[in-house]
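If you're matching them up, the sequences are chains A and B in order.
Under this note's numbering, residues -5 to 219 are what the first sequence spells out, in order.
Under this note's numbering, residues 7 to 407 are what the second sequence spells out, in order.
No lab work stands behind these hints: they were computed from the structure.
Be a bit skeptical, because a hint or two may be false.
Heads up, incomplete: computed chain B residues facing chain A, CB under 10 Å, no partners named [unchecked claim]:
id, residue
1, M7
2, A10
3, Y17
4, A23
5, S220
6, R223
7, L302
8, Y305
9, P309
10, I313
11, M317
12, A319
13, R322
A short, non-exhaustive set of chain A residues, derived as facing chain B with CB atoms under 7 Å [what the hints assert, rightly or not]:
id, residue
14, T46
15, L51
16, M52
17, T75
18, R78
19, N79
20, F84
21, F86
22, H89
23, D94
24, F103
25, P104
26, V107
27, R111
The structure displayed is predicted, hence computed values, not measured ones.
Glycine included, every Cβ here is placed at the ideal spot set by N, Cα and C.
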Amino acid sequence: MSALLEVRDLFKTYGTGEAATRVLRGLSLGLEAGDMAALLGPSGSGKSTLLTILGTLMKPTSGSYVMLGQDMIAADDKALTDFRNAHIGFVFQFHNLLPDFTALENVIFPTAVREGRETPAARARGRDLLSRMGLADRIDFPSANLSGGQKQRVAVARALMNSPELVLADEPTGNLDRASAMQVMDLIDQINREEGTTFLISTHDEKIAAFCRRQIVVGDGIVTG
Amino acid sequence: MLYALKIATRYLTANKAQTALLVTGVAVGVFIFIFMSALIGGLAEFILSRTVGDISHITIEAETADPALLISPEGHVLVVAERGRARTATLAEAATWLPLIEAVPGVRAVSPQITGAGFLTRGAQVSQVSVTGVEPGRESAILDLAGYMVAGDVRVGSGLIVVGRDLADDLALSVGQTLRLQSSNGVTSTLTLSGIFKTGNGGMDGARAFVSLSTARTLFSMPQGVSRIEIKLDDLNAADATALRIRALTGLDAVPWTDGAEQLMEALNAQAQTGYFLKTFALITIVIGVASALLLSTYRRRPEIGIMRAMGAGRRFVIFVFVAQGALVGLMGGIMGATLGYLALLPFPSRDAFQPGTLPMDITQGSYGLAITLTVIGAILASILPARSAARVDPVTAIGQ
Ligand SMILES: Nc1ncnc2c1ncn2[C@@H]1O[C@H](COP(=O)(O)OP(=O)(O)OP(=O)(O)O)[C@@H](O)[C@H]1O
Ligand SMILES: [Mg+2]
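Using the sequences plus the hints, can you model the full thing?
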């Protein structure tokens, strides 16, 4: 296994003065290509904060972050936008899909936005991914009308659209029932094994944590286990 | 940016009622713009055609040069010659100038005239009359005499005369009768009344007579030349420029109708200014409407914008999505407003058939293309602020909402 990313001495403080919340306090972490890791820790421990920084959506107050040999701290917004598009997929807990678009349109967004249009090749891959997620009959369905579990599976398909090296999932099954949650996790596990995509999944769910081969626990602003 | 356009279109169609309302609002603004353009343009056309439609657009008058005033170096006037009462200045070379003037672009008609004063008598009745000698066949070159005839016809062949209705009434004249015309030079002719006109202009109908150029020559003892050349143009707004041209070409003192029409021009200008003012307000209303609607939409779509940004959509992409929405709203509203404006103007009489008492709307002056263009530009400008605020959405807080 080779190193996919490495963060060192991450500090993140929200706000200033009296209202300052010091969330990350010197956190260091490495992820290998092909990792299937659960991110654990009590509520408010900084899991979402870490995922946001790893996803290049926010910069840490200080610290270093290198992914695929590139310095993620020095890069500008344009470079990070293109980097995310090519190398990082996201699955969020809420607000995942564009409600006015169909399942397929949502899935192929990362490719379409890069190529400036929806190509037949992108559509074909999108259909394929949706079929693998068990949504062959929901391809042209308006995403607003999908069930919660279906929405999360569409989101996973979209996260995989550009074949990223890393997928960051922040409580992807947080508001799904057990059966739906396990279905989503099975799919993630399958992709991880077949394509070697690295997953980092934050969760409070022991069962989901046990599903992953690696567990990373944060507390007091650092990795504690 | 085809893809951004697709997303913009989808955002507009996702909220059909809201988009329809916004487009209708824009269309109303465009409608007002077009209505104002047609009204102000039509009004100007109407006023101009009523006031200067029947007059000469450029006039060349014989120099009524005052007699020489000899002034000694000390300032004492040495000689003052009194101007002869019967003296008539002439444009002696008129025959040479006419073809030259006729060849000037934009000149529609040229009418050489000999004018003077006289007395018209029939039996014991006498009326003062202002006489204009025109070329037979060109009676309607400047004033549409043919269109104003109420009796007889407009011929001014030799021995014939055409007079105004009020004058005819004063002298109890009817077509075919003979009358005597004595000029201020003392020459008398016996003429047959061939027609009576009524222009609606009191001065004209009560004291004007038209005769042939050759009759006028005899009456005013003017064996050659003319006293006045009247010129009609295709476009009365070109009078100033064309007058300059004729002056340069002939050296004659060609005077455009706008000289001495300052008050009219001022009034027309003020009217045009009012039009610009109202049209500007219509455009501002459109801009504010589009800007506020889009700003609301960027606010409502913050989570989606955050998701798009996380998935690799750049700031420019987001800006384009919202600017394209503005442009589309402007285009749709513009076309809808222009169409409604055109349809609303259709029932108004054409510019040649304005009815007194109705608005002189001119459907050809609706500035439809300009209205649509300005609306699209305005809507694009209006969308810049919302688009920029959308591009600045922080994906982290937007998705976390
Ligand atoms: N934008 C922000 N401004 C100020 N404080 C923030 C902000 N975002 C998070 N925090 C604070 O930072 C701390 C860590 O938040 P974070 O969301 O990373 O925790 P978490 O581990 O994901 O918690 P949970 O398990 O409940 O999702 C919390 O105390 C939170 O209140
Ligand atoms: Mg969290």
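Handout entry: Violations among the numbered hints
Key = Checked against the structure, the hints that fail are numbers 4, 5, 6, 7, 8, while the rest are satisfied.
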